[in-house]
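Q: If you're matching them up, the sequences are chains A and B in order.
Position 336 of the first sequence, counting from 1, maps to 336 under the UniProt record's numbering, and the rest follow consecutively.
Position 89 of the second sequence, counting from 1, maps to 89 under the UniProt record's numbering, and the rest follow consecutively.
Calculated directly from the structure, the hints in this document are not laboratory data.
It cannot be assumed that every hint is accurate.
If the Cβ cut is set under 7 Å, some of the chain B residues that face chain A in the computed set are [stated by the list, open to error]:
(1) Lys153
(2) Ser154
(3) Ser227
(4) Ser235
(5) Val244
(6) Asn245
(7) Met246
(8) Thr255
(9) Asn256
(10) Gly257
(11) Thr258
(12) Leu268
(13) Lys289
Using N, Cα and C, we set each Cβ at its ideal position, and we do this for glycine too.
Number of protein chains: 2
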Amino acid sequence: MAPSPIKFGILGCAGIARKVSRAIMLSPNSTLHAVGSRSIEKAAKFAKENGFPESARVYGSYDAVLDDPEVDAVYVPLPTSLHAEWAIRAARAGKHILLEKPVALNVEELDRILDECESNGVQIMDGTMWMHHPRTAKMKGFLSDPSLFGELKSVHSSFTFRGSKDFLVNDIRVKPELDGFGALGDTGWYCIRSILWAADFELPKSVLALPTTILNSGGVILACTASLHWQDGKSATFHCSFLVNMTMDSTAIGTNGTLHSNDFVVPLDENKASFYTSQKSGFFEPGSKPNEHIVTTELPQETLMVSEFSRLVGCIKSDGAQPDKMWPILSRKTQLVLDAVKVSIDRGHQIVEVAA
Amino acid sequence: MAPSPIKFGILGCAGIARKVSRAIMLSPNSTLHAVGSRSIEKAAKFAKENGFPESARVYGSYDAVLDDPEVDAVYVPLPTSLHAEWAIRAARAGKHILLEKPVALNVEELDRILDECESNGVQIMDGTMWMHHPRTAKMKGFLSDPSLFGELKSVHSSFTFRGSKDFLVNDIRVKPELDGFGALGDTGWYCIRSILWAADFELPKSVLALPTTILNSGGVILACTASLHWQDGKSATFHCSFLVNMTMDSTAIGTNGTLHSNDFVVPLDENKASFYTSQKSGFFEPGSKPNEHIVTTELPQETLMVSEFSRLVGCIKSDGAQPDKMWPILSRKTQLVLDAVKVSIDRGHQIVEVAA
Chain A
1 MAPSPIKFGI LGCAGIARKV SRAIMLSPNS TLHAVGSRSI EKAAKFAKEN
51 GFPESARVYG SYDAVLDDPE VDAVYVPLPT SLHAEWAIRA ARAGKHILLE
101 KPVALNVEEL DRILDECESN GVQIMDGTMW MHHPRTAKMK GFLSDPSLFG
151 ELKSVHSSFT FRGSKDFLVN DIRVKPELDG FGALGDTGWY CIRSILWAAD
201 FELPKSVLAL PTTILNSGGV ILACTASLHW QDGKSATFHC SFLVNMTMDS
251 TAIGTNGTLH SNDFVVPLDE NKASFYTSQK SGFFEPGSKP NEHIVTTELP
301 QETLMVSEFS RLVGCIKSDG AQPDKMWPIL SRKTQLVLDA VKVSIDRGHQ
351 IVEVAA
Chain B
1 MAPSPIKFGI LGCAGIARKV SRAIMLSPNS TLHAVGSRSI EKAAKFAKEN
51 GFPESARVYG SYDAVLDDPE VDAVYVPLPT SLHAEWAIRA ARAGKHILLE
101 KPVALNVEEL DRILDECESN GVQIMDGTMW MHHPRTAKMK GFLSDPSLFG
151 ELKSVHSSFT FRGSKDFLVN DIRVKPELDG FGALGDTGWY CIRSILWAAD
201 FELPKSVLAL PTTILNSGGV ILACTASLHW QDGKSATFHC SFLVNMTMDS
251 TAIGTNGTLH SNDFVVPLDE NKASFYTSQK SGFFEPGSKP NEHIVTTELP
301 QETLMVSEFS RLVGCIKSDG AQPDKMWPIL SRKTQLVLDA VKVSIDRGHQ
351 IVEVAA
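Work the whole structure out from these sequences, hints included.
A: Now the structure itself:
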């Protein structure tokens, strides 16, 4: 008998929850069971607008979702400042947690969340969707081949979009009391993750925010650029912004090859994603022109993320498996670098060591 | 009657002189008249191997080229440390000067060259070939359109190639006594130029070399990354290296659009060059996918450079025109930024103001 699908409860009705709700419905091993909001009307409206099944429950509080014994897992798209409180309460209620990024206001807060998850035997995974696209594994194959790519030396990653006037005034991500990181936590999170991913998640020894950070009147980061430095001489730069046209570029340069993607965060086509490689290229030599590689997927990356999370939860629930340790480790390393960049900005763009 | 072609003398037999010799032959308004080397045998071999006309003269010194009254213009591909001496001597001999980059060891030296050019009424232009490709003008058209591109906010440029073992030991560009800048002067020059070009040659107020510079045992830069910062909040980063696979990427991000080229320095196809634009792009919105623009040219960019230089020289020679002022201004601005980045490296990666 196939295991029953993982029943999700959604905490809050953030914009991103629409996309993930669809993913939970599309994923074969999960189902939408409940949504909770501070207002039950809002929850009901959200459930209706997003095609929740008739059987789904709507609650007028987040607590009610956690109190529902049928809920296996929660998806937490709340403002970052509320992550620690609700992730910890979810863990204590024995709910597995799919947590939006940035996962916490700082690594100390994240460690409290992770401790609770471990104590309560629940799975946690952050919402970095592109990690689950099959393109990512294909790109890793290229990076891991010494003859094709060689040794990684440099990465540049850029994720920017232009927030509307309304976004720049009213969005959760520009409010100092709701989100401490702004563009750094929202788009910079993906840049940092892509750099760490290319570096096999080896932490840099230090980071430096460049003296070009743009803050809003509340001190929230609207745009910044930073560099990461490793002991062995590897380096990386990234640029994140709410103020300019959309870019989602990532380029990793090795001694033998180059990997480039121009939509690494969200492929511009849901079912088909490209990346570009070149190897041992010189001027006018064969191989100079980048090769395009196309990777198809039946399910969009956010659905694959939900499927993988649900698979892990299913193993715990049905087979008594232990929670997977890799995903929280990747969240924590990303948060460590994020924190260090924020400290560098707060200290007037000084070099900051990355805590291990 | 069509004006007679501009007669070029080449000072030295550097590798790049092969490419420019071919360009002088291909350009309809120029001709190869002479080549001088410290050894007449080397000059003769160079002339033969590069298809110089039968009538071309070979000389056993650079002086002899300058003494030849028929020489209109010289191409100077000598090591950077020799530029000031030979460019000044050429100017005093009334020869127009096509000068390889980096143009000088510092802006003070360049100013001495430019003063001599001005005093002697000779044209000077540096060897930044891509400036003359018709793609460059097309890209500028995109950047200059407020509705398509908007306001420039950020540029990232990367020009890297992997020098062979022999290159890293023996090339002029890694010898401290011959070239003070290494990868910064060689590939970084193009990055800096592309950034200034995108910024309409507005100088940044400051630069910062990131703490990731790699020097050889003689103190020559093998790889570095730097950022440029403007008064209005614009910023740019660039990465140059002799140690990794080839990249020639440049991305300019504006409030409304993005411009990208993956071979901005030397198009991978001599007669056809691409660039990519996107405008007002969002997630899954029409316009998200970059548009490829293809620009064809009958003559390769180095030939177009020689043609433009020769056209200017022809106007001076035949019509009594004054030397064009734009090209030396662009050389000087590029050198100013180059100097500031070098100072930042020498000062242990401190922020350095750019002298105006």
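Q: A separate judgement is required for each hint: does it hold in the structure or not?
A: Tested hints:
1. For lysine 153 of chain B, the interface hint holds, the least distance from its beta-carbon to any beta-carbon of chain A being 5 Å, beneath 7 Å.
2. For the restraint placing serine 154 of chain B at the interface with chain A, the shortest Cβ-Cβ distance is roughly 6 Å, inside the 7 Å limit, so the hint holds.
3. For serine 227 of chain B, the interface hint holds, the least distance from its beta-carbon to any beta-carbon of chain A being 5 Å, beneath 7 Å.
4. Restraint check, serine 235 of chain B versus chain A: the minimum CB separation of about 4 Å is within 7 Å; hint holds.
5. Interface hint at valine 244 of chain B: satisfied, since its Cβ lies 5 Å from the closest Cβ of chain A, which is below the 7 Å cut-off.
6. Taken as an interface hint, asparagine 245 of chain B checks out: its beta carbon lies about 5 Å from the nearest beta carbon of chain A, inside 7 Å.
7. A distance limit of 7 Å between C-beta atoms decides the matter here; for methionine 246 of chain B the minimum to chain A is near 5 Å, and the interface restraint holds.
8. Taking 7 Å as the C-beta cut-off, the interface hint given for threonine 255 of chain B holds, the closest approach to chain A being about 6 Å.
9. Annotation: asparagine 256 of chain B was flagged as interfacial toward chain A, and the flag holds, the nearest CB pair being 6 Å apart, inside 7 Å.
10. Contact between glycine 257 of chain B and chain A, as hinted, is supported at the beta carbon level, the nearest pair being about 5 Å apart and thus within 7 Å.
11. Hint status for threonine 258 of chain B: holds, given a least beta-carbon distance of 5 Å to chain A, under 7 Å.
12. Nearest Cβ of chain A to the Cβ of leucine 268 of chain B: about 5 Å, under the 7 Å cut. The hint holds.
13. Here the hint on lysine 289 of chain B is kept, as its CB sits about 5 Å from the closest CB of chain A, short of 7 Å.
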